[in-house]
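Engineer: Sequence:
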Amino acid sequence: MKLALLALLSLAATAAAQSPPTPSAPAPGSPAPLMEKPERQLSPARHAGTYHVTTGTWTRRTSSTAAFGPDVVYDNTAYSGYFTSAGSVGGFMSGGMVVDEGGLPGTANGHAFPGTPDRDLYSVDGFEISYCDMNGPGTSGWEISFYQSYEPCEFQPSLIPDATVRLTGLPANGGCWVMQIDLSGGSEFCMGADGGHANPLWEDDPEKDSFGWSTHYLGSGTQSAGFMLAGDPLSTDPGFVLAGPFSVPTFGAGTYFGPTSACGNPTGYLTRDILSFRPASGTGYASCNSYFYRNQNPCSGTSGPYSSLHLRLSADSQAPSGSLCSSSCTETVGIGTAYCSQPNTSAGRPGLLCAGGSAAVADAYVILHAARLPTGSFGFFITSLTQGFVAQPGGSRGNLCLGGDIGRFVAPHQIRVANEAGTFALDTRVGDWSVTSIPISTGNYAASAGVTSNFQAWFRDVWNQQPTSNFTNASAITWE
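Residue numbering for the sequence shown is -17 to -1, 1 to 463, as defined by mature numbering (1 follows the signal peptide of the UniProt record, and there is no 0).
These are computed hints drawn from the structure, not numbers from a lab. Heads up, the beta-carbon is just placed ideally off N, CA and C, and yes, glycines get one too. Incorrect hints may have been included.
[As the list claims (entries may be wrong)] Label-pair restraints from in silico Cβ distances: (1) F372 - A95: 46 to 56 Å; (2) Q449 - G78: 37 to 47 Å; (3) T205 - P27: 19 to 29 Å; (4) P97 - D188: 47 to 57 Å; (5) D101 - D187: 15 to 25 Å; (6) G387 - S77: 31 to 41 Å; (7) P450 - A429: 13 to 23 Å; (8) S77 - G157: 33 to 43 Å; (9) T320 - S300: 19 to 29 Å; (10) G78 - H396: 38 to 48 Å; (11) R23 - F361: 42 to 52 Å.
[Stated by the list, open to error] Within a straight-line C-alpha distance of at most 25 Å, the following computed SDA-like cross-link-like pairs (lysine to any residue) qualify: (12) K191 - P97; (13) K20 - T205; (14) K191 - K20; (15) K20 - N156.
Whenever a hint applies, use it, and build me the whole structure from the sequences.
Structural biologist: This is the structure:
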């Protein structure tokens, strides 16, 4: 099984599907949504085990006990008995992707949870998925991406992920599966609360406070395949059970901050009953769809939509020292010493460079992370063995904080575009760059103990409606 990670990545209801599904109204000026019917799960889902990304190994098990965490931070695992084959080979919107949404509350979130959300950045170290695949053994595969900031069912032509996990060679065998993806030990990724860095404050608005995640089929078969649809046993989502023998709040059920679901497995916080189907080309409008069903669960009403996918996210309760999630992304996070302040960008705050990982050369693990950038801005990292200061070079709005021989990370795979969270990154773990080959104008050099390398990010910006450039602060890393 080949897997690559890119980073800066109980029964609750008895349901019977109605045909055809009723899609939501299209956005103004967009084409009418297409139609796609859910497919019935023909046999109980089997547990495939846990795939450990960092070591590339499997733990085969029949238990769904998590090998990571310990905190469940998002739980959308209510059972429906159906899966969607949208995006699979030959299926509806073949080769496309399905996008869902949810919420990760931060410390400023004003909802009255039973527990207290205690962080603004989540170090995601594992997740659980469930899918069905009617193809042959070992032919299934999925690309799963995460987006810190996502407007549910938005009609933008493209989405830029903050983390992506690619899985191939997965079980299929004409059945349904539950499996866990373990990211602990160095493959974790960071997710900002309440909409991420693009919307750093809780706004009590799902359009601004949600994260997104998507699935894209990588399997080699041509039969039906797709993620399990999560049911909606509580009927109202999010909110309260308004029918049945009792009323209970449902915000964030099944998580470290939320209540225990009274109706079986929960529906995720801020999960809405809509799915976005996006074409393989990545261009044009996405369709926005809902399925409807008849529900026999006495806890809820008799019918309602269920258009969300099975996902349980887990995070470390205390992020590893030096990681980008060990605290908010500030001038003091991670490794290195920050210096050289900057003016605001068009996004409203100064650009920020954080360095995560390890200053030990032998670890060969450093993430250069630029944050608080204008969404969609083009940029790259620069470096030097010498610090310096040049105010607004070449008409830039920001200041150059390096001197001497300046190197640029401008290989084709190193030039970046800020994603919807206003970030881009280079990570040694996935081959973006290497501590043994740091660029300067006269060639490359290898980091060694006692040597200090200085890093900064340059990026495009707009000020007073005029195009310009800008810089983040700089960071000095003394190698060990």
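Engineer: Could one say that the CB atoms of R23 and F361 fall in the range 42 to 52 Å?
Structural biologist: holds, 47 Å
Engineer: Between the beta carbons of S77 and G157, is the distance compatible with 33 to 43 Å?
Structural biologist: With Cβ atoms ~20 Å apart, the hint is violated.
Engineer: Is the gap between the beta carbons of P97 and D188 within 47 to 57 Å?
Structural biologist: With Cβ atoms ~23 Å apart, the hint is violated.
Engineer: Is 31 to 41 Å respected by the C-beta to C-beta distance linking G387 and S77?
Structural biologist: Distance hint for G387, S77 is violated at roughly 54 Å.
Engineer: Taking 13 to 23 Å as the stated bounds, is the beta-carbon spacing between P450 and A429 within them?
Structural biologist: violated, 37 Å
Engineer: Holds or violated: K191 and P97, Cα atoms, limit 25 Å.
Structural biologist: Given pair K191, P97 holds - Cα atoms ~23 Å apart, limit 25 Å.
Engineer: Check the following: the C-beta atoms of F372 and A95 are separated by a distance inside 46 to 56 Å.
Structural biologist: holds, 49 Å
Engineer: Can you tell me whether the CB distance of Q449 to G78 sits inside 37 to 47 Å?
Structural biologist: The hinted range 37 to 47 Å holds for Q449 and G78, with Cβ atoms some 40 Å apart.
Engineer: Taking the Cβ atom of T320 and the Cβ atom of S300, is their distance within the range 19 to 29 Å?
Structural biologist: holds, 28 Å
Engineer: Need the status of pair K191, K20: alpha-carbon distance at most 25 Å?
Structural biologist: violated, 29 Å
Engineer: Would you check the hint for K20 and N156, treating anything up to 25 Å between C-alpha atoms as holding?
Structural biologist: Judged against 25 Å, a Cα distance of about 22 Å means the pair holds.
Engineer: If you check the beta carbons of G78 and H396, does the distance land in 38 to 48 Å?
Structural biologist: At roughly 24 Å between Cβ atoms, H396 and G78 fall outside 38 to 48 Å, so the hint is violated.
Going through the hint list in order, the structure does not satisfy hints 4, 6, 7, 8, 10, 14.
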